[in-house]
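Listed below are the residues making up each chain.
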Amino acid sequence: MSTSTATRPETAVEKKSGGFTAAASNYLDERTSISAVVKEFGRKVFPDHWSFLLGEVALYSFVVILLSGTFLTFFFQASMAEVHYDGSYVPLKGVEMSAAMASTLDISFDIRGGLLMRQIHHWAALLFVASIGLHMMRIFFTGAFRKPRELNWVIGFVLFILAMAEGFTGYSLPDDLLSGNGLRIIDGMIKGIPLVGTWISFLLFGGEFPGTAIVGRLYTLHILLLPALVLLFIALHLVFVVVHKHTQFSGPGKTQQNVVGYPVLPVYAAKAGGFFFIVFGVIVLLASFFTINPIWNYGPYDPSPVSAGTQPDWYIGFADGALRLVPPHLEFVLFERTWSFNILIPLGALGLFIVLAMIYPFIEAWVTGDKREHHILDRPRNAATRTAIGAAGLTFYAGLWAAASSDIIATHFKLTMEGVIHALQFVVIAGPFIAYFITKRICLALQKKDREIVLHGYESGRIIRLPGGEYIEKHEQIDDYQRWKLVSYHDYKPLMIRPNARGKITVGQRARASLSRWFFEDRIAPPTRGEIEASHHHEDHVEIESSHQNH
Amino acid sequence: MFRTSRKPRAVRKTGRRSPLASVSLIALGLLLSGGAYALVSSSTAVADTSATTTQATVEEGEKLFQANCATCHGLDLEGSDDGPSLVGVGSAAVDFQVGTGRMPLQAQAPQAPVKPVQFTEDQVNALAQYVASIAPGPSIPEDQYLDAEGDAARGAELFRVNCAMCHNVAGAGGALTEGKYAPALTGVTPTHIYEAMLTGPQNMPVFNDANLTPEDKRDIITALKFQENSTSVGGHPLGALGPVAEGLFLWIAGMGIIVALTVWITARSN
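So the sequence lines, in the order shown, correspond to chains S and C.
The first sequence begins at 11 in the numbering used here and counts up by one.
The second sequence begins at 19 in the numbering used here and counts up by one.
Hint data in this document are derived by calculation from the structure and do not stem from the laboratory.
We put the beta carbon where it would ideally sit given N, CA and C, even for glycine.
Among the hints, a few may not be true.
[As the list claims (entries may be wrong)] Okay, derived cross-link-like pairs now, DSBU-like style, lysine-lysine, Cα gap no bigger than 30 Å in a straight line:
1) S:503 - S:255
2) S:514 - S:381
3) S:264 - S:49
4) S:495 - S:281
5) C:81 - S:424
6) S:424 - C:198
[Claimed, not checked] A few chain S positions that, by computed beta-carbon distances, are all more than 12 Å from chain C:
7) 327
8) 481
9) 532
Modelling step: build the complete structure from the supplied sequences, incorporating the hints.
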């Protein structure tokens, strides 16, 4: 940390200068005034918790994606011109395919390091979206999206959608059979939209599917527009992180006004810098040892063959699953138009799900009526209803996600496909309610346990026989640090219905009050100071042995 | 043979030799031609012993059939409520079904699974010959189509167009309705692949020689064997199941390692 003072050169004897480092810093500062920035950022404090690094994982995998993607652009040809493959992969020699597919095969087989780069790029992409997902779950379940961070949740959510778009456009570029099947599904979904669908599809593909334009267009989106948007939103996201400062879990000395942790310089910069290389390393290891997207097995795209077991990358799986779960025969002709409700219902359900998740911070703020700023995170159990809603949402998503591999589940677990589909339909429709009630009960039970521990201590396992022959188990008190964590949380109560300025109770008020009741009716009040003191007093009374070891 | 037919004519023309000579020559000629014929026919018999239709094997096959198959398929192959008629299925069908262990059926189920083969190679052959002897049908393919040395590129293309919709483009298998499935094609012998295409076992359609010529079938076998025997260039193939396996692996192994590392990085040093 203070190594710069240790290696002081001998030349700086007469003047009390700091040597080369100081001179260089001074030179820079006089020209850029960077010291103000360093002062501001160098002292920025980050709290330590493993889950706070998940967003960083996403950022680092994005950097890896940029680096490996740049390499791939040197060799990839985004063209659907027909060529006869003449590379070194024998089973495709002489086969007619697009230049995009041929150049991807060349990257894989004939360009040094090409296959490794492709695999790095693809694994990093999967990790990128996965770490965003995990990061979002952390934010949601700890309530980090509350005021003042609602907008940053929305920005993050846009990043999640952009990441999926990046993934899907990239997945389709090699023009192999698997991704072509995926594009055909997207084309079908677009065409399922009434009135405008066909027009949009023809606009997108430059004519009838597949046409000769789509790879070039997706390429432009994939390497130009979408990355620019991702970078812009990442920048915004990080600016807000700096403006809002980081949240922290409750603990002694941690308040809404401070952040307890390590400063960026030197501790966090070193940790985060090192962590970048760790993430990079993990991705390269994955890419070195595990195949991803072996397009040479799939062959070039041709609209006639559709492979069994066709699936998208995991982050598009929920959409594919929704299409698989929708019951058949929902298509009919009305007003000389085909209404494909087997497409429209999944589209609508997914759209609603995404919008609800995106605006959830505003919904919760409205329901709770809480206008305060929150920098201390909730323990998930202390916000039982929110945690239960989250569990319900995850169950819904997971059901759809699993449905994308319904056929693989069926063959590998020796089940009937219909059985798998019906079970997953149940998971998607009834599962969220079941998950909601179970999670809520578990949260409340955990809160009860916390309250019990605070008031009566934990079971020490020491059995004592009283002079009268009665046996009791000695309860030990937890220390003050642990107790702080268990008792310091907000206790919300359902909103009262109050008439507004004009003396009226509006419908909105009623709705809000009933939602608030739904949120907070079932609750375990945190123990008050009085209760804690009273219980300890009581404990002292019962105390038989004078074993007052302060621990 | 040539000589034998010419010599007697010469005898008649010149008449220089004794009558016995012509008789002995005819006898010699007959002996030679007969011996040569016996030699030729016995050499073809040696070439494909597996496909020999001798009365002995047919009779052995009949006994095996009556003991193991007749309960469902009927004593005269006429079939029953529990199994289809086998009249005209040919030796290829029997070799496939019994040779892969699918038959005898272990239970009435949507589909007969592959299981350990219940008979020796000779017994399978005997059964096949017996069934083929009742009525003609597709026979066990000839070796020239099973060498897996055709055109892999063409075979892969034919596979994508004709087979991938059920067996998956990488031959990893796939699900059908009501618990039926298209099995994975790894580890299947070229003979059985060929016979499956020829006879359409279980829920598979028949790809007869007008549909896919023997040469086409050979190319498909070549492509499958190439894929099976080539080393996976990208590292462990993760079951060749595509993005589902990749996503599962990323979430469990990839995210598992990453989360473990985040815990390690933020662990407080004591």
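So, going through the hints one by one against the coordinates:
| no. | hint | verdict |
| --- | --- | --- |
| 1 | S:503 - S:255 | holds, 28 Å |
| 2 | S:514 - S:381 | holds, 23 Å |
| 3 | S:264 - S:49 | holds, 23 Å |
| 4 | S:495 - S:281 | holds, 27 Å |
| 5 | C:81 - S:424 | violated, 35 Å |
| 6 | S:424 - C:198 | holds, 9 Å |
| 7 | 327 | violated, 7 Å |
| 8 | 481 | holds, 38 Å |
| 9 | 532 | holds, 32 Å |
Taken one by one, the earlier hints fail for this structure at numbers 5, 7, listed in ascending order.
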